[in-house]
Every structure is written in structure tokens, then in C-alpha cells.
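Participant: Each chain, letter by letter, is given below.
2 protein chains.
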Amino acid sequence: MPTAKTLTDGSVAFVARSARAAARRLAQLSADTRNKVLLAAAAAIEENSREILAANNRDCQSAKEAVASGQMSPAMFARLQISERGIAQMAKQVREVAALPDPLGRLLEATELDEGLILHKETCPLGVIGIIFEARPEVVPQVASLALKSGNAVVLKGGSEAANSNEALVSVWRDCLRRYPDVPEDSLSLLQTRADVLELLSLDRDVDLIIPRGSRALVEFVAKNSRIPVLGHGEGICHVYVDLAADIQKAVAVVYDAKVQGPAICNAAETLLVHEDIAAHFLPLVAAKLKQAGVEIRGCPTTVSLLSKEEIVPATEEDWATEYSDLILSVKVVPSIEKAIGHINQYGSRHTESIVTEDASAAAQFMNEVDAAGVYQNASTRFADGYRYGFGAELGVSNSKLHARGPMGIEGLTTYKFKLYGNGHIVADYVTGAKHFKHRKL
Amino acid sequence: MPTAKTLTDGSVAFVARSARAAARRLAQLSADTRNKVLLAAAAAIEENSREILAANNRDCQSAKEAVASGQMSPAMFARLQISERGIAQMAKQVREVAALPDPLGRLLEATELDEGLILHKETCPLGVIGIIFEARPEVVPQVASLALKSGNAVVLKGGSEAANSNEALVSVWRDCLRRYPDVPEDSLSLLQTRADVLELLSLDRDVDLIIPRGSRALVEFVAKNSRIPVLGHGEGICHVYVDLAADIQKAVAVVYDAKVQGPAICNAAETLLVHEDIAAHFLPLVAAKLKQAGVEIRGCPTTVSLLSKEEIVPATEEDWATEYSDLILSVKVVPSIEKAIGHINQYGSRHTESIVTEDASAAAQFMNEVDAAGVYQNASTRFADGYRYGFGAELGVSNSKLHARGPMGIEGLTTYKFKLYGNGHIVADYVTGAKHFKHRKL
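So the sequences go chain by chain: A and B.
Residue numbering for the first sequence is 9 to 450, as defined by the working numbering.
Residue numbering for the second sequence is 9 to 450, as defined by the working numbering.
Note that these hints are calculated values from the structure, not bench results.
The model shown is predicted, which means the values in this text are computed figures rather than measured ones.
Using N, Cα and C, we set each Cβ at its ideal position, and we do this for glycine too.
Heads up, a few of these hints could be off.
Unchecked claim - Ranges of calculated distance between the beta carbons of each label pair, as one might list FRET restraints:
| # | chain 1 | residue 1 | chain 2 | residue 2 | range |
| --- | --- | --- | --- | --- | --- |
| 1 | B | Glu326 | A | Arg33 | 52 to 62 angstroms |
| 2 | A | Glu284 | B | Ser91 | 57 to 67 angstroms |
| 3 | A | Leu335 | B | Lys443 | 19 to 29 angstroms |
| 4 | A | Ala51 | B | Lys443 | 51 to 61 angstroms |
| 5 | B | Ala83 | A | Ala368 | 49 to 59 angstroms |
One chain only, chain A, in its complex shape:
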């Protein structure tokens, strides 16, 4: 139990405790009510666009100075800015979440344990979710809508560079909730400081899950300091393995897309593995194509021997363990599929791994033995994304093997409970043998 002191109005413990109380009420709302409020929130974002843009403008003014003095990257500045079109996009995404199927109360299993004793395994909300993110203010309506749809309360902490924008968006959202007497305003709260984050990470009684979205440093800081389960991913070292039975044309296209189409994204490839029987033919072709996009190639000794000097620099041991997030690709020639799998399981981050091959049994071996959230045959690693997987909305990517693995949809915000319906049933009857379990799946 927190002391009276820590529960003073406005403290993080108070915010989390209020979120817990809100979550209990949210869990009772019908799908209709949740969807109705989501549609109202989408409209509220549009109706209050002037206030939101003005707040964002204040953030951008300070950010401009930070960019000028070199304290903020132009890329981060770009992510911070909200346009008129950005407002429309936010509202559209909230409406898309409203249109998703209801994730709650789904009957996962039903068993007749005995006459009149029925066990249901049913989805329900997790409770309170803490989300810690950087820059992009559009995360606010995105996660607020996913949380409301799934009956969860959420405590947010955004980056200080977007403080005004985040506050405006949270306040529009809460104003909207206030119009519905059944819907608790504390379903969405915003924390202010970095010290608040540390306190939040300790409140394991009132917060059920932490999702960090941002840089690797942020994710690692959260994972290290949290007493609450964390879902996120620190790094993405993805590989493409070109098997000896590869279609060369497909292999060139897949490697090029996996490296070049979005090099800064976690599902981009960092290392290319090539079977030695195909390397002399394949490597010059792919190298020429990658060169067009300005990709730097760092190769193992065999790769170096197969390419011209202008095309390649030697790779070091460190290269195999590096996420470049840039137009750099390390390349290794391997003598067998087993060596390729071994390399991936040693250096990969269990994110997404692809084999290019026309040999179904090689593909099956690769896809079973490689330990990763996504294992692909003849497809670019860049497909690892909630939208591309058809989840409707992506909450983030998890590199945990527990709960949610890989791109997380709204299901990542649900758990289940067992509901047992009896008629005065007692265990003693089954221990004495007076009654016997049926265990019939319904």
C-alpha cells in the first residue's frame, strides 16, 4: 500500500491509482459505448485542430532553435511537426480503431468440467498500460484509441520536445471523455518529467504493462529500471540468407528491398549470408544493384575475394553484431544452410529473418530452426509490420517470446480470465470419488 504522502493529488502514484480505478470501470463498458466514444474523440480532434496546431507550433519554435544549435536532428524535428493533414490522419486512425472487431469477451475455450460446471477462457483487458515514447505527438491518439478499444487505462509520458502538443491532445481527449458519465476521464493521463517515468516503473501494483516506443537507449533504460513487465524491442539485426537453391532474380530484389527500402527501420536487413556454391554468380549482381543506392558493403574474406576492390571493405567481428540503421550491409559467405542458421542464431536479435530459396525443405529447416519472431521465405524482412500483417493498427514490436511476439496488434493489450459457472460444486466430491470430471470441450 502506498502511504498517504505518495498519494497526494498529482503525484505519479496518485495518477496510477486513478488509472487503476478508471480501468476497472472501463472493463465494464459495452463495445458500443467504447466505439461511440472513439468516434466522438476523432471528431473532437478535428474540431480542436486550431488549438492542437497552435500548441504544436510552440513546440516547433523551441525545436527550431535546438536544430539550429545542433541539439536536435532534422529528422526528429520532422517527426515533431503536425500538419493539417496530420490532424486528419490522426482522426482517421482513431476511426479505424473504432471499426476493428471487439477484442474483449472473446471466448477462447469452453469446457464442460462436469454436469453444470462450465469453464470459459475469455479475453479481458490487461488493466493499466504505461507508454513511454519520444517525439511523434500522433502516438497520443493512436495509443489512447487502442487502449480505449481494449478497455485499458493508459498513462503516457512523451518527450519534453513535444510537451505542448501532447498536452493539447490529451486535454482534447479527456474533455471528450468527460461528456460521457460512464467513461472515466482518468482513462488517459500524461506524466511530465523524466523522474515521473522512474516512479511509474516502480508501481507494479497499479500498472500492468510498460511499452517503450523510441530509441534503443530509451527501451534499454526502461527494461533495466522496470519492476513491471516490459514489451518492446531494443534492436533489430535482421538477415537475408541466399540459399544455393535461390532464384537469383528474386534474391537480388529481396536483398535490395530489405536493405534499401527503409534502412533506418528495425526490420531492415543488416547482414547478407550467401551459400558458397552460388556466391561467385550472385554477389557481383547484388553488389552492382546495391551500389546504385549507395550501399557500403563490408565483407568476409571470401566476399572480398569475389568483388572488386571499389565495391567492398573487409568486415570485422563487430560488424556481425551491429545494427547499422544506415545504407551499410555486411556480407558473409557460408558453406551450408546450417552455418547460416548458426550465424543468425548467434548474432541475430530474434526479430525477422529471411531465406531466399526454391527448395521447400531448405525453407522449412530455416523457418523451424531460426529462433525469431518472423521467419520468411522469398520475402523482404521489411514486411514485419503490424499494418502489413493486417492487424489494422500497430502498438509496437515485441522481441519478447512471452505474451506478444513480433508486430503487436490490439491483442497485445488483452489477457484472459477463467470464468467458472457452477451450481454449488465443491472439490471434495471429486476427491472422494462421488463425482467424476467429464472435461468435454464445448
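Go by the hints and put chain B onto chain A.
Facilitator: Okay, now just chain B, sitting in the frame of chain A:
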């Protein structure tokens, strides 16, 4: 990467790394092979019963002295002993696990992302499981069989009081595995010391999940020191709420069973909540029944006023937060179902909670608003158990909301991966608009 030093033969890091290698091979075995080996292991336990019983006898000799000097409880001694019948029971349980449906390669979802681009979400093993347990040597074949069935390697650490028994069982199991060239012996390993446990808990690269089975102190020690996800449960404070619309006869039976049928088990009830409109009628009846079993009742002021002085002592604030694991029951009279739910959400351990009522809407409210792995209507909390739920075999109970909640069956040892089958598909085609996603559920 661990250094060469930590990977010396016999070190915990070496054991874990060997388990990881074994897990990769286990993931490739067909269900037929896994089941064949399980049946052979069951037979091996029977064939080696003399060695196992002799080893157990050595443990029991030392334990007898510990009991005589008061260092071991008679209950723990009882759990340590293996009988001829215990051997048969172990073999029977291993055969039951062999008979379970295959938990691997289950297709959870299939989506046609686009023409020729098919996404499968498929169950697969977690990898390496660390299991830390006390006393009961029968845990060895139980978890070894569940792990093998689900394609996982396991690293065990049992209590020192059962060291000889555990070693005999592990060595029978490994001898059996050695007869199959495809099946790695390192699928099952045994650690020796308490220091080994601490080291194991730090090996997050080679161990995917830790399951502690034993006292609350053990579970809390593991949770506090682990860098690896932990599934277990520290305590069980379960409640029965007798609603104003309760059938009195059912209520007496359920409360009696929940408290008396197995008071030391985590799913036993610790607190009885009674609606005030029914208390004067119900409490004397249930108190009389509980008295027959020697249950001590600790009551709130209203309860005290309704029962005779011999039947009751006043409860303190601490009582509401105490797991007695004994024939003691705290009793509180509440003015409403909301107050009952509030009490449970404040003091409960989110394990198993039961309402006794004939009112379906009261039951629905209770079962939705109470935050627990199991929520029951008109049934004893003692039903919260993997065997009673029909899981075939129980791995433990989880009080986590993530991954596995409540009694955990063999599914708790699986995760899933996304398998994407393409034909040279690249993301650029979808970004440029040359192609469009179909997202058709198959």
C-alpha cells in the same frame, strides 16, 4: 557473449549454452519421435525403480535426522519420500503427457497478405526453461516430459534435501535420451547449488523462461533476482463472496470446501465476504459447519456481533492481507456487491475469487469487475487447478497477466512465430502503390 572462462565444462553458463543447442535440435523433432522417447522414458523409470528408490532412501535417511532435530517439517519429509506406487505414478504421468495433443506447429492464424504472400502464425517451443523447485522429486519426470513434449530443453535445480533422488531421476532420463541419436541428452540438465541458481537467473541470452515452484520465499527470491521472465505465483489470497441472492445451502457447502478441503493449497479461501442483508441468517449456519472442522473465525465488528463469543475472535487489518494456509478464516460483512469487489481488488492476490449467488447479473458484474485469473459463480475456489481444468498436466500456476494466467498447461511452454511465404515479394511495390494488400483471413 560469455567469455571462454565462464563457458568451462560444467559451469552453469556451459550447461545453459548446451541446453540452448539441445533446444534447437529438439524443435526439429517430429511429434512421433517426441512421443516415442516419452514412452521409452516412462519404461526406463519403471526399469530403474530400484536405483531410484535407493537414491531416495539415502535422501530420506538424512531427512529423518533433520526432522528429528526440527530442521525439516514432517510434511516436507512426506513430500520427499518416493514409494513403489510413486514410481508407477511417475511413469503413468509421463505416458499421459505422451498422449496429449501435439502443442507445436498449431496454426493459430493464416492470412493472405496478397497474391502468393501467405502469413502463418504458428506455435513453436519457447526454447530453454529453467525450473527451480523444492522437495518433491516427482517434479523431475513431470517437467521433463512436459518440456520434451513441447520441444523445450530444461535446466532443473531441486532442493538439496532431494539431491540423490533428483540426480537418479535425471540420470535415468538422460540415459534414455542417449539411445536416440536425434535426441540431445542436454535436453535435461540438473544444477547443484544455490549459487548455480543465481547464475542461471542472469543468463537471459540462453534461458527463455524461469518457473519457480515452491514456497513463497523461493518464488519471491527468484522474481527479485532474475533477468529472465518468471512465471509463478507468490501467494494466494482467495475470497468467497456470499451475495444477498445466494442459495444458503450452496453457500455453506462452497465456503466449507474452499476453506477446509485443502487449507494449505494456494487456491483455498482466506476471507469470506457476506452481504449484510443475508449475514444474520447465513453466518451462524456457516460458523457451525466450520466449527466441526476446527476452523478459527476472525471477524469484522458486525460478524463478531452476529456470532457467539466462543465462535469468533476480532479480525485486525492485517488479517485481510494474510494467506493463512491453515484452518483460519477471516470474515467481513459488506453493504453491497461493489464493496465486496472493492475489498477483493484491494486485498486479493488476483488468483481465484468466487461469488455465491442465484442472480446472473450480480454474477456477471462480479466476474467482470474482479481482477483475477479465475472468477467463479457458485463453485469452490479449490477448482483452480490444471488437472481439474482438464489440461492433462499442470506446469504450475501463474499470477502474471502476460503469457499464461492461472493454472498453466503445456501451452505455457510454447510461443509462436510468424512464417511468411512469398515469391520474391518486396515492400517497395506496396509503398509505390504498384501492389495492394488483400489481408484476407484464410
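Participant: Each hint needs a verdict: does it hold in this structure or not?
Facilitator: Here is what the structure says about each hint:
| no. | hint | result |
| --- | --- | --- |
| 1 | B:Glu326 to A:Arg33: 52 to 62 angstroms | violated (29 angstroms) |
| 2 | A:Glu284 to B:Ser91: 57 to 67 angstroms | holds (59 angstroms) |
| 3 | A:Leu335 to B:Lys443: 19 to 29 angstroms | holds (24 angstroms) |
| 4 | A:Ala51 to B:Lys443: 51 to 61 angstroms | violated (33 angstroms) |
| 5 | B:Ala83 to A:Ala368: 49 to 59 angstroms | holds (56 angstroms) |
Comparing the model with each earlier hint shows violations of hints 1 and 4; every other hint is respected.
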